[in-house]
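**Student:** What follows is the residue order along each chain.
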Amino acid sequence: MPALESLFPRDEFGLLGLIIALPLLGAIVNGIWGRRLGRSAVSAMALTVMGLAFALSLVTVCHLHSLFTESLHGGGGAGHGERVRLAWTAWEWFHTTGGRSGANIPIDLKFSVDQLSGIMMLVITGIGFLIHLYSTAYMAEDASYARFFAYLNLFITAMLVLVLGDNLVVLFIGWEGVGLCSYLLIGFWFGKAENAAAGRKAFLANRIGDFGLLIGMFLLAQYTGALDWDGIARNAHLLLSPSPAARVHVWPVGGGIYQGMWAFLQPANVVTISGATAVSLALFLGCTGKSAQLPLYVWLPDAMAGPTPVSALIHAATMVTAGVYLVCRLSFVFVLSPFTMTVIAVVGALTALFAATIALVQNDVKKVLAYSTVSQLGFMFLGVGVGAFTAGFFHVFTHAFFKACLFLGAGSVIHSMHAHIHDDAASQDMRNMGGLRKYMPVTFATFAISTLAIIGTPFTSGFFSKDEILFKAFTNHVVHPMKDKFAQRGLGVWEQPTWVGPALYVVGVLAATMTAFYMCRALYLTFFGDFKGWAIGEPSAAKTHADHDHADHGHGHGGPAPAPHESPWQMTLPLVVLAFGALFGGWLNAAPLHIEPLGHWLDPVFAQAVSQGVQIVGGEEHAHHLVWPLAAGGVAAFAIGSAIAYWMYIASNGAPAKALAERNKKLHQLALEKWRVDEFYGVAVVGVAEATAETCAAIDHGIVDGLFAKATSSVVAAAGFVLRALHTGIFHAYSAAMVVGLAGFGWFFIAPHAEASVNQAGGSYAIHAAPGMGYSFRWDADGDGKFDSERFGPTRDLSVSVEPGKTKQVRLEVKNAFGLTGSTTITLGTEAKKGAAVVGLR
Amino acid sequence: MSAHAHTSDETAGDVTARPGAFVVGIHEIATTALAVVAIALLGHYADSAWIPAGIAAMLAFAAVHAFDRQTRLTVGAMGGLAALFVVKMWPTAHALAAGEPFVESPTVLSWLVALPLGGAVLMLFMPRQAHGLLKNLTLAIMGLTFAASLPLLSATMGAGYHFDQNVAWVPQFGIRYHVAIDGVSLWLVLLTTFSVPLATYVSYGSIKHRLKDWVFSLLLLEAGMIGAFISFDLFLFYVFWELMLVPMYVIIGVWGGQDRIRAAIKFFLYTMFGSVLMLAAILYMAYAYGQVAGVPSFDYFELQRLVLPRSTQVWLWAAFALSFLIKVPMWPFHTWLPDAHTEAPTAGSMILAAVMLKLGTYGYMRFCLGLFPEASIEWGINLAAVAVCGGILYAALCAWQQTDLKRLVAYSSVAHLGYVMLGTFSMTPSGLEGAVLQMVNHGMSTGALFLLVGVLYDRRHTRELADFGGIASKMPIYATMFVIATMASVGLPGTNGFIGEFMVITGTNASLRLGHFAGIQAIGAALGVVLGALYMLTAVQKVFLGPVTKKENEGLADMNSREIIGIAPMIAMIFVVGLAPNLLLQSISGATTRIIRDVNERIDASPPPEFHRGEPKLLNRRPEAPVLPVAPVGTGTPGAPVRAEIRG
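Just so you know, the protein sequences line up as chains U and W, in that order. Under my numbering, the first residue of the first sequence is numbered 73, with each subsequent residue one higher. Under my numbering, the first residue of the second sequence is numbered 1052, with each subsequent residue one higher.
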């Protein structure tokens, strides 16, 4: 595309600015003027900017592709393309201090797109557009229509900033920006207290993660002296500097030494970790917040309080995958620490399993999907944690389609349920649904396709992406990139145990089995069997839609109502498109079949990381033979999970499930209550924080403001009390004090005071005797012990010169008006050693 | 009350009942702002800044044609000033080339003090009953002061001092009228001239009695604050430092809340306590200088030459630092602040938070670091720990526990200023720049928050969090503004708060002066970001979200024209600084680099803890110091005492 290239050179690719500015424009216009513009104008605005942004993203990625192909065929590529990158600097933002020598690190408002962020950009704008379209119908009745689209557009802007940012700080704008939008959208219906609480919880959990990201940033600034991707990549090796001073001292904190009374704290061996481990762990803390991993996942299920399109866009397809994106983006930093990589993989696998156990028993369709999202994110982290960045990221891509489709499908169902059941919780309860496939065929079909994809039905998108992760979990081994160098210096490194890979595989398969079960369960409960929501029939004339109680409990009104209806085309069209993607998207990276266009596309991005620290157990050849045997595990998970669900909910119509729940009542209850983790956090984290805060507030009130301030004022009061006692008003006391005072003065005047000040200039000194009433002076200037003149005279000033390196003693005697004499000796001279003047007085 | 005094707030208040009509809303403000910015940007190509400013003023005046004259004039004036600001901030190469080379006027700083000071005197001769006259005249004077401060932006700051004016005042004691600014004080002066008129304008909605005294106090306060920022003679500094204390005392004591007298006395005693110690230290400094140089001097640049032995320096440093740290305020001297803020009227709180507290941080940066580098470095390590534990973390936790919204914001001020102090103690370029930026940021975001709390207080006469709930549905504009200010306060990237906090945190981590505690202190500071979100969002949730539970809150009116006009510039600045902090940083960094270099040179000359031993001595004048009108005395060379004092 030469025209495009001439218009936008690689380093000034202004199109990126336009792609970001368009949704921002939509947000501003809809946010400020939206209420005056009216609904149709608002939706036109929002859809136009999104459509344009998507089109421009498409153009950008096509351009990127042509550059990539060029590099593929160009010289030196050797079959592998390069990482191609289009960048645009908006302006110089600010700068900070870092690096070893305290250098200046410029932080520009710079955006860039490469293979990785290109895909993300397409997903964000593409799925974003579909969800905007969907929302025009879903939110049609809402009073705050313009506000909704302003927030949604703002979210897209922030998300684009997140993925397009060329340095960690610009990424952080987007990172926190999406957090803000998530906060605003979760609490979109802020009239209900629990929605507002859910929003706050999300923001705070994310903030804890952001705390980690902040730490990661300043550590990166310190170690690599850069915060932009290229700079970090260039200096990443500094993170592994083996010298003890360049490591992060965990204990004693910062590398001090505990002495004296604290000596017992001093350990025999100081505890240090490499800069790479510190940075990557801190960054990963950020990822656990944003991507809802253990231990910070608790906000995501609550976040379903927001409107369903928000759940689909933010809390399934885009924002929550930001953590995975960050790990992929900084893959070259993460692989430097096998420890962190193992932590990521283990956390991912455990989250996948843990969230799946909760999803097994939930009755709220959105809750099932929420926990499913947490679980799937766990899979993604499992993938990137074992160094399979392409596989992990591919799961981000496929997940975006099928999970968005599932959420939108659920939204479509809730939309039609909500027409007659106005209680939010009840309208989302799967026990009130059933048999909807008759009434909502399109929704059913798309939901079913997406379910097939997520449970890993062979040759759907989920099958390819999930199996690739499980395969890599088994075969990959992350090794320390500088193991040999460290060994030469006699330094040990942490190594990943060999059993980790197979263990991760087993946990993954277990989680996949559960996924198959709970997703099929959701599908069967919602769309199969009989409809349980309300009696279907003609509504009675007395009970029209308008006059029934909106704050109605569970099941709406008793009378019959029309059957649930299919949603309008604005809602079904996105479903169809997404289902198409869910079904066929896997062929972009069908690794077992060696169809890997996406893999090749992304390879250059991950090349640095993979070549450094990822080994394949038993070699490539050996692993190759394991592809299909290991895939069997995934297929078995799909088959077993869905078969059990079929047996429980279709063949036996839910009876075995009820029996099982009856038999393990407490366990079922515990799982239903999400293992009571929220309650545990409430006591262990929030409770402790609250207690600390209460203590602080009490100290502030009682001690700082009470005791300290009172103590100070009471000192003043006490002084006043004492001084007041002196002011008795008794004349005798006053005159006695006066006599004592006058006597003191008298003594001072009578006693002679021989004092002098000395000024030095070069080797000569000017001595100046202090004057007094009736004083006369005599001097011994030459230091021979005799006074120059026996007579006291009026001469107060004396000049003396001293040869360098020698000292001289000058004597002064004074006589006052009462004939009393006093004397002093002054030593003048220079100290040869320092060459500085020394003036002494004896 | 004369008919004239029926200004827009009453009018606007009357018509809020009619929804959508006759309240200057966000729509008008945004439309006008866009137009003004567009004109100003076009104005780049004009040779004079006054043409676009004039057009913008007329346009803004016309844009709100449906409103009364008072509102239109205000909006017009603000439009003009905004355009002027934009033109000064972003001069194009064309405009720079077309204009004559910039000549620094030595009197411009004096005008900045003289205008409000003269205005205050003028107010004494105005009729007490003519409210409209008092209000408009005061605003005009303050607007003029702001306009007069804009030329300061035209100077290239670098590491030097500018707009220097140095006139003998009391020659026999070495007291001079010496004013100047550098990259640090430039922004604080502008912050003052920017936020005082806004606070004043907003206050007209709620201050109904003793108006003459009110405007007199505000003008005097403005003069005092500007004076303190520009003084480079310690005596003059002290005069202004105390001058601003009195009006603030009166403002809290006369127009404050229920417990105003106690709060005013507490405020006065705390700050006075520090001040008198500082006075003693100033006098000693001048005396010690006189001992060495022959004649006493209060001049900052001369006193900077004075090297004192450790024993003396630490005490002098302590006296200065105590005064400044009480003003900041830092733990454990902070308890006057929540009381003063809670009881002060809205405008008082705004000025107190936006400007007055900065005098503490500014003073520390200018005088403690400048005059006592060795002592500052020796003690800075310990104080950094206080800034983190006592300021950033402790104050944030306290804020979380407050039930009074204004107290909460006051405690958040303590936490925010903890960042400023931490950045100052870190002695890294980024830390110090971040500290200066954070001073300005805190002025914007906390000033805005206090204004917003005042809006609520005016309507309900309570600030208890429990008395509200769900009012976002009743006051959508208000809620939006509050959330924006909240996000700036919690340091969301894209707003100003983030830049300052980020620079301070990275600067702290990179600090060598803080020793091996730098890392853990940076982590503590980062943790403060989480706590900030915790208390602010808790407050937002309790006040704005959820259902409307109290009947009194059902009929709450949204922000009126006056309040919206008052807060709009601050909200705009939150984003301007957040997105283009380099505008400020490029003139700050020269000065902060100089501060660090000055300190480092002194330290390196005699490394701690063995810093200067022996008798006081004079160094050479710093290279950036302005040229003296008279030749400096005692041109001593470093390392050799010029004159020794004899004790015996």
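Do not take every clue at face value.
Stated by the list, open to error - Below, computed lysine to any residue pairings styled on SDA-like, alpha-carbon distance capped at 20 Å:
hint, chain 1, residue 1, chain 2, residue 2
1, U, K604, U, L563
2, W, K1263, W, T1386
3, W, K1601, U, A209
4, U, K264, W, T1600
5, W, K1593, U, G263
6, W, K1593, U, E266
7, U, K782, W, T1386
8, U, K737, U, N435
9, U, K730, U, E266
Stated by the list, open to error - Restraint-style ranges between C-beta atoms, simulated for each label pair:
hint, chain 1, residue 1, chain 2, residue 2, range
10, W, I1312, U, A797, 28 to 38 Å
11, U, R111, W, L1173, 35 to 45 Å
12, U, M845, W, F1324, 53 to 63 Å
13, W, E1605, U, R111, 23 to 33 Å
14, W, Y1228, U, W323, 38 to 48 Å
15, U, N176, W, R1664, 28 to 38 Å
16, W, R1664, U, W323, 50 to 60 Å
17, U, G328, W, E1605, 31 to 41 Å
Derived from the structure by calculation, the hints contain no laboratory data. Quick caveat: nothing in here was measured; it's all calculated off a predicted structure. The beta carbon of each residue, even a glycine, is placed where N, CA and C say it ideally should be.
**Student:** Now tell me if each hint is right for this structure.
**Tutor:** Outcome of the hint check:
Note on K604 (chain U) and L563 (chain U): the hinted pairing is violated, with a Cα-Cα distance of about 67 Å set against a maximum of 20 Å. For the given pair, K1263 (chain W) sits about 31 Å from T1386 (chain W) by alpha-carbon distance, which is inconsistent with the 20 Å threshold. Using a Cα cut-off of 20 Å, the hinted pair K1601 (chain W) and A209 (chain U) is violated, with the two alpha carbons roughly 34 Å apart. For the suggested pair K264 (chain U) and T1600 (chain W), the alpha carbons sit about 11 Å apart, so the restraint of at most 20 Å is met.
For a cut-off of 20 Å, the pair hint linking K1593 (chain W) to G263 (chain U) stands: about 12 Å separates their Cα positions. Restraint check for K1593 (chain W) and E266 (chain U): satisfied, since their Cα atoms lie roughly 12 Å apart, inside the 20 Å limit. For the hint linking K782 (chain U) to T1386 (chain W), the alpha-carbon distance of about 12 Å falls within 20 Å, and the restraint holds. Restraint check for K737 (chain U) and N435 (chain U): satisfied, since their Cα atoms lie roughly 16 Å apart, inside the 20 Å limit.
About 30 Å separates the Cα atoms of K730 (chain U) and E266 (chain U), which puts this hinted pair outside 20 Å; it is violated. Range check, I1312 (chain W) to A797 (chain U): Cβ separation about 29 Å, and the 28 to 38 Å hint holds. Taking 35 to 45 Å as the suggested C-beta distance range, the pair R111 (chain U) and L1173 (chain W) does not conform, at roughly 55 Å. For M845 (chain U) and F1324 (chain W), the hinted distance range of 53 to 63 Å is not satisfied, since their beta carbons lie about 40 Å from each other.
For E1605 (chain W) and R111 (chain U), the Cβ-Cβ distance of about 27 Å falls inside the hinted range of 23 to 33 Å, so the restraint holds. Look at Y1228 (chain W) against W323 (chain U): about 56 Å separates their beta carbons, and that is not inside 38 to 48 Å. Between N176 (chain U) and R1664 (chain W) the Cβ separation comes to about 36 Å, which falls inside the hinted range of 28 to 38 Å. About 37 Å separates the C-beta atoms of R1664 (chain W) and W323 (chain U), a value inconsistent with the hinted range of 50 to 60 Å.
In this structure, G328 (chain U) and E1605 (chain W) break the distance hint of 31 to 41 Å, their C-beta atoms being roughly 59 Å apart.
Consistency note: the structure conflicts with the earlier hints numbered 1, 2, 3, 9, 11, 12, 14, 16, 17.
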